[in-house]
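Peer 1: Residues per chain are reported as follows:
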Amino acid sequence: MELVKPDFGLVFWMTVSFLIVVFLMRKFAWGPILSSLKERENSIQDALNSAKKAKEDVANMKTENERILQEARNERDIMLKEAREAKDAIVNEARSRATVEADRLLNIARESIQNEKMAAITELKNQVATLSIGIAEKVIRQQLANDDKQKALVQDLLKEVKLN
Amino acid sequence: MLNFLVSFLYDFNYLCASVEPIGLRIIMKISKLSLISILTFLAFTIAFSISNHAQEAQPSNLPASHALPAEGTNPESAKPAEKLNAGKVIMEHIADSHGWHLWGHTEIPLPVIIYSKARGLTTFMSSEFEHGHKAYEGFKLAEGRVVAVNETAPVPAEETTVNEEITAGMYDISITKNVMSLFISIALMLLIFTNVAGAYTRKRKGLAPTGLQNAIEPIILFVRDEVIKPGIGEKKFEKYVPYLLTVFFFIWISNLMGLIPVFPGGANLTGNIAVTMTLAIFTFIIVSVSANKGYWLHIFAMPGVPKPILILLTPIEILGVFLRPFVLMIRLFANITAGHIIGLAFFCLIFIFGENGTGVGLAVSPLSLVFTVFMTTLELLVAFLQAYVFTMLSAVYIGAAVEEHHHEKGHLTEDAHQESII
Numbered sequence: 002m003e004l005v006k007p008d009f010g011l012v013f014w015m016t017v018s019f020l021i022v023v024f025l026m027r028k029f030a031w032g033p034i035l036s037s038l039k040e041r042e043n044s045i046q047d048a049l050n051s052a053k054k055a056k057e058d059v060a061n062m063k064t065e066n067e068r069i070l071q072e073a074r075n076e077r078d079i080m081l082k083e084a085r086e087a088k089d090a091i092v093n094e095a096r097s098r099a100t101v102e103a104d105r106l107l108n109i110a111r112e113s114i115q116n117e118k119m120a121a122i123t124e125l126k127n128q129v130a131t132l133s134i135g136i137a138e139k140v141i142r143q144q145l146a147n148d149d150k151q152k153a154l155v156q157d158l159l160k161e162v163k164l165n
Numbered sequence: 012m013l014n015f016l017v018s019f020l021y022d023f024n025y026l027c028a029s030v031e032p033i034g035l036r037i038i039m040k041i042s043k044l045s046l047i048s049i050l051t052f053l054a055f056t057i058a059f060s061i062s063n064h065a066q067e068a069q070p071s072n073l074p075a076s077h078a079l080p081a082e083g084t085n086p087e088s089a090k091p092a093e094k095l096n097a098g099k100v101i102m103e104h105i106a107d108s109h110g111w112h113l114w115g116h117t118e119i120p121l122p123v124i125i126y127s128k129a130r131g132l133t134t135f136m137s138s139e140f141e142h143g144h145k146a147y148e149g150f151k152l153a154e155g156r157v158v159a160v161n162e163t164a165p166v167p168a169e170e171t172t173v174n175e176e177i178t179a180g181m182y183d184i185s186i187t188k189n190v191m192s193l194f195i196s197i198a199l200m201l202l203i204f205t206n207v208a209g210a211y212t213r214k215r216k217g218l219a220p221t222g223l224q225n226a227i228e229p230i231i232l233f234v235r236d237e238v239i240k241p242g243i244g245e246k247k248f249e250k251y252v253p254y255l256l257t258v259f260f261f262i263w264i265s266n267l268m269g270l271i272p273v274f275p276g277g278a279n280l281t282g283n284i285a286v287t288m289t290l291a292i293f294t295f296i297i298v299s300v301s302a303n304k305g306y307w308l309h310i311f312a313m314p315g316v317p318k319p320i321l322i323l324l325t326p327i328e329i330l331g332v333f334l335r336p337f338v339l340m341i342r343l344f345a346n347i348t349a350g351h352i353i354g355l356a357f358f359c360l361i362f363i364f365g366e367n368g369t370g371v372g373l374a375v376s377p378l379s380l381v382f383t384v385f386m387t388t389l390e391l392l393v394a395f396l397q398a399y400v401f402t403m404l405s406a407v408y409i410g411a412a413v414e415e416h417h418h419e420k421g422h423l424t425e426d427a428h429q430e431s432i433i
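Line by line, the protein sequences give chains A and B.
To convert, count from 1 in the first sequence and add 1; that's the numbering used here.
To convert, count from 1 in the second sequence and add 11; that's the numbering used here.
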């Protein structure tokens, strides 16, 4: 069959021209095209990578911020707690000191009141004594204004005296 | 024929089974594909039987020009109302020729270049043959081929005697229709791709692709990423990309050019065994040159296989080495030729029926036209598909040759894999 018998001329031209075309295409077409495609792919990949990195950075920053915020919050809590404790301590101390002072003052007051009271009682006693003496004197003076009455009194007094 | 069919089915099974990323995507196509290949082969077989039948029916047509030159009667001129010989028409179309037939008796003359030891280099235009009716400078056309004759003066072809000795020893490197078509395909390819390359490097450097560049780029990327990369492997594929891309686009463009019925197209370039053979030989050379130790070891002494079996296996493996490019050659040739044959056969239906009356011919013509359009559309798909298959299988063969063989187990599956490649 003629159909399946390779023609020498065509094989010759095919070999020659195909070798040339592969060479030319490699140099003038595939080289530039493939390198440009590769370049573009790389640039896209780079862009994607850097976007991914930026995203990661943002995420990192976010967690960092969160961490710092948490730390600040914790610190604040601690500080608040400390302040509260300090306040409580101060208040307590003040209170106890005040109590002590009040007690002391009370005691002093009580003592001085006692003293004053004693003094007043003493004075009152003296006054009462004086007054009593005065009254007694006046009463006696009145009662003993005449002889009869003196005699009666002496009688009374004598009655009271028990000779035993 | 059956062998081809079997090899086809093997290929498609292989496609389905082992090229995962492509396999999944083209499973749908493959079912159509097997159908197409079966159809084309049926057509091929039918067309051949038609042509053989036709030749048997009219035996006087063939031997007339050289076996019985003394008779002096041209069978074509002897029969004024020549009956259409569909087989002959189709075979003439798919065969190579000196001169590019346009219409009627008009054809573009092409240079005839012949070298022989006895006569040296002879060059003249094919128009000197006057459609095979005349001998010129000691050569004449016989069945579309140039043969040497004893008479060196320009005399009518029928009066010459063939010089068998010179004919056997001469080299015909004429620019035939196919060679011209080859040049056109190449020129077109260079034009397209240098233009596209220019867009990448000069005109639109760093910009988004547009126009032709935008149309070509996805195809280049498809071939690179879906055909070559999975076939050869991530690591080593880059070296082979220029060759395989060239093969792919050459076959595709040539296939498409073959589908155009008029001048710049119409040649059956990729359906010519010389062209597919050359391409297959290129692949074979690349495979053999770039093959590593592991590849040859697996051919001549498959590791982990007992010696007695090696006696059986090694010849098969060696045969496989040559069978692969051979099948590459046959597949492309047969598919494209079959496409041309069946398309023309459908078209010729008009004239075959027309012999029974013009009305019958006219009546059949819409149907014939529908068939032809259908076949041409199918051929558009086949044009791409065959370029794809050739490139992919070349990539897979190269991949098998440069593959690193690390593990020594699992050879059974590997064998099955290699057999299926064939």
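Because the hints were derived from the structure by calculation, they are not lab data.
Be careful, since some hints might not be right.
Said to hold, decoys possible - With a straight-line cut-off of 25 Å between C-alpha atoms, the simulated DSS-like cross-links for lysine-lysine are:
(1) B/K99 <-> A/K28
(2) B/K128 <-> A/K28
(3) A/K163 <-> A/K150
(4) A/K28 <-> B/K94
(5) B/K304 <-> A/K28
(6) B/K216 <-> A/K39
(7) A/K39 <-> B/K304
(8) B/K240 <-> B/K250
(9) A/K39 <-> B/K145
(10) B/K304 <-> B/K240
(11) A/K39 <-> B/K128
(12) A/K39 <-> A/K63
(13) B/K304 <-> B/K318
(14) B/K240 <-> B/K214
(15) B/K240 <-> A/K39
(16) B/K128 <-> B/K99
(17) A/K28 <-> A/K6
(18) A/K139 <-> A/K150
(19) B/K304 <-> B/K246
(20) A/K88 <-> A/K63
(21) B/K318 <-> B/K250
(22) B/K318 <-> A/K28
(23) A/K39 <-> B/K250
(24) A/K28 <-> A/K39
(25) B/K247 <-> B/K304
(26) A/K139 <-> A/K118
(27) A/K6 <-> B/K99
(28) A/K163 <-> A/K152
(29) A/K160 <-> A/K150
(30) A/K139 <-> A/K126
(31) A/K28 <-> B/K250
(32) A/K63 <-> A/K53
(33) A/K6 <-> B/K318
Peer 1: So which hints don't hold here, by number, going up?
Peer 2: Numbers 1, 2, 4, 5, 7, 9, 11, 12, 14, 16, 17, 20, 21, 22, 26 and 33 - these are the hints that the structure violates, sorted from lowest upward.
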